[in-house]
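Undergrad: Chain by chain, the residues run as shown.
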Amino acid sequence: MTTVSLTVNGQSVTADVDSRTLLVQFLRDTLRLTGTHVGCDTSQCGACVVHLNGQAVKACTVLAVQADASVVTTIEGIAQGGELHPMQAAFREHHGLQCGYCTPGMIMSAIDIVNRKGNALDEQTIRAELEGNLCRCTGYHNIVKAVAAGAQAMAQAPLQQAAE
Amino acid sequence: MTATGIGAPVRRKEDQRFVTGQGRYVDDFNRPGQTYAYFLRSPHAHAKIRSIDTGPATIMPGVVAVFTGDDLASDKIGGLICGWMIHSKDGSPMKAGPHPALAQGKVRYVGDHVAVVIAESLAQAKDAAEAIVVDYEVLPAVVDTAEAAKASVQVHDVSPDNTVFNWHLGNREETEAAFARARHVTKIDLVNNRLVPNPIEPRAALGEYDPGTDAYTLYTTSQNPHVARLVLSAFIGVAPEHKLRVIAPDVGGGFGSKIFIYAEETVCVWAAKKVKRPVKWTSDRTEAFLADAHGRDHVTHAEMATDENGKIIGLRVHTVANLGAYLSTFSSSVPTYLYAPLLSGQYDIPAIYCEVDAVYTNTAPVDAYRGAGRPEATFVVERLVEKTARELGQDPAEFRRRNYITQFPHQTPVIMTYDTGDYAASLDKALELADYRNFQQRKQDSARRGKLRGIGFSSYIEACGIAPSQAVGSLGAGVGLWESAEVRVNPTGSVEVLTGSHSHGQGHETTFAQLVSDRLGIPIDQISIVHGDTDKVQFGMGTYGSRSGAVGMSAIAKALDKVIAKGKKVAAHVLEASEGDIEFKDGKFGVAGTDRALGFGEVALQAYIAHKFSGQDLEPGLKEGAFYDPTNFTFPAGVHICEVEIDPDTGVTRIDRWTAVDDFGVIINPMIVEGQVHGGIAQGVGQALLEGAVYDQSGQLVTASFNDYCMPRAIDLPSFQVGMTVTPCPSNPLGIKGCGEAGAIAAPPAVINAITDALGHEDVAMPATPQAVWRAAQKARMPMAAE
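Order-wise, the sequence lines are chains A and B.
Following our numbering, the numbering of the first sequence begins with -3 at its first residue and continues without gaps.
Following our numbering, the numbering of the second sequence begins with -3 at its first residue and continues without gaps.
Isolated chain A (complex conformation):
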């Protein structure tokens, strides 16, 4: 067992973990933050995307011990004061989800895309940047619309970006 200490959604957590524990298992099983999902075993589907020190990572590809002393943000941590993050609101408004299983990873990836590529995203950029996230329900049509709208809305809500 190894002791890890990190900040998750603004809260300090310390726990003893089996060294082989993945970050996603730590979040789901130890912290019971079940919004981060597991959809594959080859780091392809992106359902487990969280932010590690402000950057999107697949939490199935990071050991919990690697996240020691890091800052992790999950889907549960991006709404502020009961207000949805603009990207969450955009997915809802544009019907960018159906079963909801890929959605947390999609939203966390989408915020990361905006952080890297800016607020004015064209369709081809969004489609290319979503390479690491699989959705089986939507055909991506409305996800692409949601990401574009969410990116624009994030420009109007600088406080929410700062909160990360």
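What the hints contain is simulated information worked out from the structure, not anything from laboratory work.
Be careful, since some hints might not be right.
Stated by the list, open to error - Label-pair distances were calculated between CB atoms; the ranges are:
#1 E237/B with E79/A: 45 to 53 Å
#2 T(-2)/B with T38/A: 44 to 52 Å
#3 G128/A with Q30/B: 25 to 33 Å
#4 Q62/A with H83/B: 55 to 63 Å
#5 G128/A with K272/B: 41 to 49 Å
#6 A153/A with T(-2)/B: 27 to 35 Å
No residue lacks a Cβ here, since even glycine has one placed at the ideal position from N, Cα and C.
Model the placement of chain B on the given structure of chain A, informed by the hints.
TA: Positioned in the frame of chain A, the structure of chain B alone reads:
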């Protein structure tokens, strides 16, 4: 139309929890004292099990128990079942081999269940599974669909030639006569590639046993929890029906693969009592590839006869359908009654004859996957129609139009009575939206850039809303296919609707609430939709076959009618008027011709306080239930047009335009309906361009991960242009036809018709990967040299 009523694009109520990570899927549930199950699976496609030594595993750290098929047998746990009886042409029943939840003496596909380890942690269970010693006598495997019936390998003793049934539908003599007088016959050979459904949430099961009440609870990723309970109790014998609660909470997509009752949930429920602790199993993706029921896998030869006027006069089809190593829950219905009755397509074809040989192979079981039989039928019809038009030198759109059914109701030669439709209207709208008139200009533009542009049509029809129980019973179904609903009005006027339908992405919490809001005139936020728990909802048949709108909502509508009728009785007492004078309009019960009226909430309260009527006159309370059994299938239909641009140097196909015009009857929420169309098209494009489950000759699944099986990604797809036409369905009270599978049914032939149009070469198999398209392009350029 109100802002939240029928026809409004209401934003989904369920999304608040999904976008904030508060959805509750099976793997999110954890019970006190929970243990973890891990299944040891066969590494061989076909082998006798000489012995299993679980001893070394039982002493591994954290191991609670290890069970094999012998333990299930000694507890008299039955095998998994196939619930649809098909009879062969000679009248003999299908040959159903045994399907134990844990292997007994033999394994029949890679991934077959050999033993289960239950441990304190999943890691410990996996470690211990490696310590189980299985002595296999490896046997040769049969894998190939077309060759299975001729193979020397025998998958099941009951079927010496690996044949499950030789079935047929239609009229052979009339069809032969039509071909005898045909001016032209078009022939085609098709493979409908095997697919893996791959909902992004893997399957999971959590079984729990309470010795105090002798009752079981199963949390499971199911599209139909009541059917799961019925099968687990009545057929498999795990627990009595009244002592088994099945909960299917939020479910992350199904696409058919979560209809079926599998080995894993059977074992988890049973084992929970054995180890006296909750038992949880969550599939990893590799297990999902190996052991979820796959879809499609047909090999077909088909011929279409036309007369001197370019009218289709006959269709004959021979299909070999691979059902895998065991008959999954509804597998036998897919290549039979969900397939051949759709072979008339949208066309007036006087004579049709179809033969289907279903075979066993040493591969994963094959069952319903989005569309289930109807995509396979549509692929046959629409590839043949396109090829016929080309061979006759006719415009593919106009050839279709000439052969469309225009008079309704229309009796096809293959069971179905189409109730209504306007196929030409959908075609006209699709041609307009696709800018068909300027296609040749775009083709020339592409040619100038060294690219090949093609256009492909798909004029599909499907049979949904399954189905009248008597009808499916006469065709071999073991169940009825009605739906139930219960509307509970609370004293405060809020409403809970309990439905036997199950939502795993379809948005029922929104659309069903829209219907209630529309009918009762109450705000949508005062309505809750309850589903997926057999302790709350009495019974239901679940969600598949695009049936939740046409059947599930019709049941709700019927229950709402009863609520309104009861409300009128209550209002009559309170308003001291005759019941016949009470009208219900805009959410108010009023006395006709007066301004005296009560709001819905006031009537609800009066129904419960019961001060204004005696128990002799009227029962207190306001709660009504209904079962709705449809009187016909529904027949959604439409036209999809795909336009591709191919790089002949690389074989890469890019979908440039997609136009879909669908007639789903009355639409409750157009935003959600369009979303269903998008998702269906993506799965159909996946089949046509990207996806294919491949077994090698030894029966190893070569494509058992997302690295090897190509799922559609955002970059593979265009944005879709979606339009609608509406002919209301006459057979249900809401006029709904259903929309869930249309895209997956329509898309594959549209893509392949576009590619073959671009190449000028008909022999393009699915998935049309760059390599396959490049090879076809070479053949088209140099037909002699390419081979």
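Undergrad: What are the numbers of the hints the structure violates, in ascending order?
TA: Hint check: nothing fails, all pass.
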